[in-house]
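Participant: Listed below, chain by chain, are the residues.
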Amino acid sequence: MLTILFDGIAYGMLLFVLACGLSVTLGLMNFVNLAHGAFAMAGGYITVIMMNRYGISFYWCLPAAFILTALIGVVLERLLYRRLYSASHLDQVLFSIGLVFMSIAAIDYFMGGQQQLINLPPELSGRFGFMGVDIGRYRLFIIVICTVLTIALQLALTRTRFGSQLRAAVDDGRVARGMGINVSVIFALTFALGSGLAGLGGALGTELLGLDPNFPLKYLIYFMIVVTVGGTSSITGPFIAALLLGIADVAGKYYVPQLGAFIIYAVMILVLILRPHGLFSREGGR
Amino acid sequence: MSGEHNNASMEAIRLLKRTGRWQIWEFALWLVAIAAIFVLPSQMLILTEIAILALFAISLDLILGYAGIVSLGHTAFFGLGAYAAGLFAVHVSSEPIVGLLAAALVSGLFGFLTSFLVLRGSDLTRLMTTFGVAMLLAEVVNQAAWLTGGADGLSGVMLNPILGYFEFDLWGRTSYIYCLIVLVVLTYVARRIVNSPFGLSLKAIKRNQRRASMLGISPTRRIVAIYTISAAYAGIAGALLTQTTSFVSPDVLAFHRSAEVLLVLVIGGVGYLYGGVFGAVLFSILRNWLSVITPQYWMFWIGLVLIIIVLVGRERLTRWQALLPGSARNRQARMQHAVAEESK
Chain Y
1 MLTILFDGIA YGMLLFVLAC GLSVTLGLMN FVNLAHGAFA MAGGYITVIM MNRYGISFYW
61 CLPAAFILTA LIGVVLERLL YRRLYSASHL DQVLFSIGLV FMSIAAIDYF MGGQQQLINL
121 PPELSGRFGF MGVDIGRYRL FIIVICTVLT IALQLALTRT RFGSQLRAAV DDGRVARGMG
181 INVSVIFALT FALGSGLAGL GGALGTELLG LDPNFPLKYL IYFMIVVTVG GTSSITGPFI
241 AALLLGIADV AGKYYVPQLG AFIIYAVMIL VLILRPHGLF SREGGR
Chain Z
1 MSGEHNNASM EAIRLLKRTG RWQIWEFALW LVAIAAIFVL PSQMLILTEI AILALFAISL
61 DLILGYAGIV SLGHTAFFGL GAYAAGLFAV HVSSEPIVGL LAAALVSGLF GFLTSFLVLR
121 GSDLTRLMTT FGVAMLLAEV VNQAAWLTGG ADGLSGVMLN PILGYFEFDL WGRTSYIYCL
181 IVLVVLTYVA RRIVNSPFGL SLKAIKRNQR RASMLGISPT RRIVAIYTIS AAYAGIAGAL
241 LTQTTSFVSP DVLAFHRSAE VLLVLVIGGV GYLYGGVFGA VLFSILRNWL SVITPQYWMF
301 WIGLVLIIIV LVGRERLTRW QALLPGSARN RQARMQHAVA EESK
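Protein chains in written order, with this note's numbering: chain Y, 1 to 286; chain Z, 1 to 344.
For reference, chain Z alone in the conformation it holds in the complex (with noise of 0.2 angstroms):
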């Protein structure tokens, strides 16, 4: 008998781990990412838009796709960081790496503070808090025109060499490579994070939250901490913004913003990370297509591909992750298959 219950939870846990295991593709998508440093020399700032805009994403997925967050105002952890990353460039070191983790502190701390304001209420009183909060940020960096610049946004950020040696150039050469760092060791720590069992315990509570506190996880501690997290992310990824353009302007904090991720997010597919950094591939390449054909009205073409993704479903478009080699998915077709020959 306790044998058998050996084999069981050995076997869950060998079920654990492979779905914690690199996968050749993930590797495949890195090489690319450097890849792109030496054949595209003059994409340079899109592919640095892209990549702050995919952490911005995985930042999000963090509460959306692992704590089942419906957040409208993820915007305000991005423009807090690259608020707080061009302030302390400006008023206190204008060295990056310093400058990023102060960002990161500054936004961290916000979201645990309003972490606890997502814990009571439906979706709707989450969405609305969420979106409050946002409007909140947005208000006071508007009105505090003497620390912010007020609606001219912040200009000014200078900045010293990364680490001492490496200068910001001017095709963004460096900054791209800065970013790229970034996001390939952030993304190492939210794996980390999300198979851990910290990660496995937030997904039973958003599959269902009375089930996971009666097996004895409290679902309040878990989502601040993940709030926190994804709060800290959202900060480096707007720190990066402000770093990279030297530049910071309220548009960070406006709505479009949270709606941007979202849909970058929804396009990428939630809930296994790289949703977000194919989002933000997918996205930015749409965008920049779209706002050449039709240069003021990209919006519109964004608002329908929203809806037809929501009509179609979302779960069927993003059907194609299980065609990446060695996915989890693409293992369980194979078995269902097996097992469907089997019976036979």
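Extracted from the complex, chain Y is given alone in its bound form (with noise of 0.2 angstroms):
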């Protein structure tokens, strides 16, 4: 029971960190990007390439998967994205599912269609005993991770400069030009920042959630999910909102196996019926 709990808060943690880019993208920017799930199969094909091909060890691979699909998420921003902030939902759906199609493709073509394995370093894999709980060293090492991850986010969004011009940026684009603040620059430096996070929770999950050339579309449910249902109101919604998905998901496949993914989409369905705009929605945002 306290293993499920302790296996759920694990995942949910990780879908975190892979939704919480798109929580400011699609949240905050308003800008529908279908697509983020290519940027984590990004993280974690990199990883993948550099353990099995190079024999990096893994701790070195984390952040090199983050800063990687960062500038991949920067290169691209400033080259599409960009162009399409202010066009149409329509346009942006058929704009991100194009590059989703493409990346799929592209991985199939140089890496195969098989699932990826990395071997975790030793230290790392197995479980042991604590107060009857049984716990995975691995999902230990992401929970901390993460919490880690979300306390410094937190932080940089409410406590920083750059926090703060990223608040006023999408809160009014025009006031905050008018500011002097560099809207164009500020968004781009989220966006590789959601990014990178995308890439890295990317590179944790190979492990957790497998990797093949589907990836994004077959994770692009969830990180809908976390986005919608938690809300854009700060990145606490999307927070709880994975923890409740990660948990259910995991309880859920544990328990009730046969009705599968059936409760989660019925459950995000009934939430947004009744609360269009997710859990913790604000007031004033875009």
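Worth flagging that the hints you see were computed from the coordinates, not collected in a lab.
Only a predicted model underlies this, so the values are computations on that prediction, with no experimental measurement involved.
Just so you know, even glycine gets a beta-carbon here, dropped at the ideal spot from N, CA and C.
Incorrect hints may appear among the rest.
[To be verified] No more than 16 angstroms apart at the CA atoms, straight line, and that leaves these computed lysine to aspartate or glutamate pairs for EDC-like:
{"hint": "1", "chain 1": "Y", "residue 1": "Lys-218", "chain 2": "Z", "residue 2": "Glu-139"}
{"hint": "2", "chain 1": "Y", "residue 1": "Lys-218", "chain 2": "Z", "residue 2": "Asp-123"}
{"hint": "3", "chain 1": "Z", "residue 1": "Lys-206", "chain 2": "Z", "residue 2": "Asp-123"}
{"hint": "4", "chain 1": "Y", "residue 1": "Lys-253", "chain 2": "Z", "residue 2": "Glu-139"}
[Claimed, not checked] Stretches of chain Y that chain Z covers, calculated by requiring three or more beta carbons in the stretch to come under 8 angstroms of a beta carbon on chain Z:
{"hint": "5", "stretch": "5-19"}
{"hint": "6", "stretch": "73-87"}
{"hint": "7", "stretch": "95-101"}
{"hint": "8", "stretch": "264-277"}
Both chains are sitting in their own frames, so use the hints and assemble them into the complex.
Facilitator: Printed below as a string of structure tokens:
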């Protein structure tokens, strides 16, 4: 029972790291980016290539996945995404679906369609018992990293100058520009941060979620649930939504496997009917 | 004063009627489709596929182009229709036409029930709910293996000859003619719908929902109605797929189908019904051509096409419609030209 809770929390934390970039682009910048999973997949494949081909340690792969994916993100933002900030939602959907299709086919071409496996360092694999709870070392590792990241992110958004500039740019881009904030640079940096976090999540999730070319489509719905159910008030909303989703999914698969993902979709639709703007919506945002 | 008013409303009615008039290119299009039966006897299977895809895209155009609802899960209705037709043929009756109507009924009913989900919220909420509904159905189909055959699909769908006379043949000739007739009839009906006062009020809602309701047009009931109709259309398209291939796989509910039909509609152009037909033709040609060149990776090029379409701008790409003889845009352009000449 507690083990399931623990696994669920680890899974939820991972989902949060994967999805929090999306909660910024989609929730705050109002850009429907269905290609977010592609960045996570990029991070996962970067890890796989670095570890399996070049034998680099797993601990170095994580920051590398973050930085490289952030770079990919910023290049794509400058070249393509930027043009579509003001486009209609339909255009954004079409564009990001196109990007997803391209990434799936490209990965399939270069890496093949099979599941990718990595060998975790020995100190991270295996489980140990702690006060009657069966704890996976790797899951504990994920929880620690994600907790640190979440706190850092929360502080960065609320306490730093960058955070307040971002909030200003999102609330009213025109006024923010008038106050001398370089909105376009802020957005580019935020986008890079979001994609970098997705890449890091993908790297962390390779072991837990599996990695194959269909990754962006398979987990798209989860990311979207986290963001839409969590709302856009702060990153607390998506965080709680991700935890709930993770626990519900793990528990659901354990106790009632025949219902599968059914419950999750049903709950999501229900929440969206009752609260179209998510559980924690904010006033006055776009 | 009242005479002037009368003139203005007469003029408005005249203009409205003109947009609803049949154009030469529409007849030409259907003639080409009929001629294809004799000219391309070896391509019947692809042509059938195109006809089904066209019908599916038209159903999406009804809600996207006329009511402005962006759906990421339109394949829910397509798949539901496909399964309904398959199960109907296996368990109830193997008469195709009745099966088609049954599928339309089931999908329409489901569309009616889910239409209440798209009434509230923003584009994003709609995207998520439609997407969620499609995923939900896919999950149900996957789990209810005793009914649907699960991941293996539903096979053994045997059909009687249509109306007792026209048997489905191996080359797909009957299938194509059957699909084409259904497509023509349903396009005709859809044309009547969108050119009716009801269709015009939908356009008003799409442009500006608040203004429409201030003019006394209740958006709720109209959106429910068009969503139901659109779902029934998609269901019929799915049923046609089942009947012509005698097989249903869970693939009919997969996400890529929802994306595909959006792409088809966008290639052909949104908001004039025939976009679905043109888009289906172009898309199928493109896909067949690409899958000959790169069998496994055609998805890459489809994605590239999507991105290019969006970056270049959908408006600019679909401007070729104006070249069709007698189209409304063409006339508009000519009128502007004439005005410009006069003012010189």
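Participant: Confirm or reject each hint.
Facilitator: Do the hints match the structure? See the list:
Only pairs whose Cα atoms come within 16 angstroms are accepted, and Lys-218 (chain Y) paired with Glu-139 (chain Z) is accepted, the gap being roughly 13 angstroms. Straight-line distance between C-alpha atoms of Lys-218 (chain Y) and Asp-123 (chain Z) comes to about 22 angstroms, which puts the hinted pair past the 16 angstroms bound. Only pairs whose Cα atoms come within 16 angstroms are accepted, and Lys-206 (chain Z) paired with Asp-123 (chain Z) is accepted, the gap being roughly 12 angstroms. Restraint check: the Cα-Cα separation between Lys-253 (chain Y) and Glu-139 (chain Z) comes to about 13 angstroms, which is no more than 16 angstroms; the hinted pair holds.
Check on the stretch 5-19 of chain Y: 0 of its residues sit with their Cβ under 8 angstroms from a Cβ of chain Z, so the three-residue criterion for coverage is violated. Coverage of the stretch 73-87 of chain Y by chain Z holds [criterion: at least 3 residues with CB-CB distance below 8 angstroms; count 4]. Counting residues of the stretch 95-101 of chain Y whose C-beta lies closer than 8 angstroms to any C-beta of chain Z gives 6; at least three are required, and the coverage claim holds. Residue count for the stretch 264-277 of chain Y with a Cβ under 8 angstroms from a Cβ of chain Z: 8. That meets the three needed, and the coverage hint holds.
Of the hints listed earlier, those the structure fails to meet are numbers 2, 5, in rising order.
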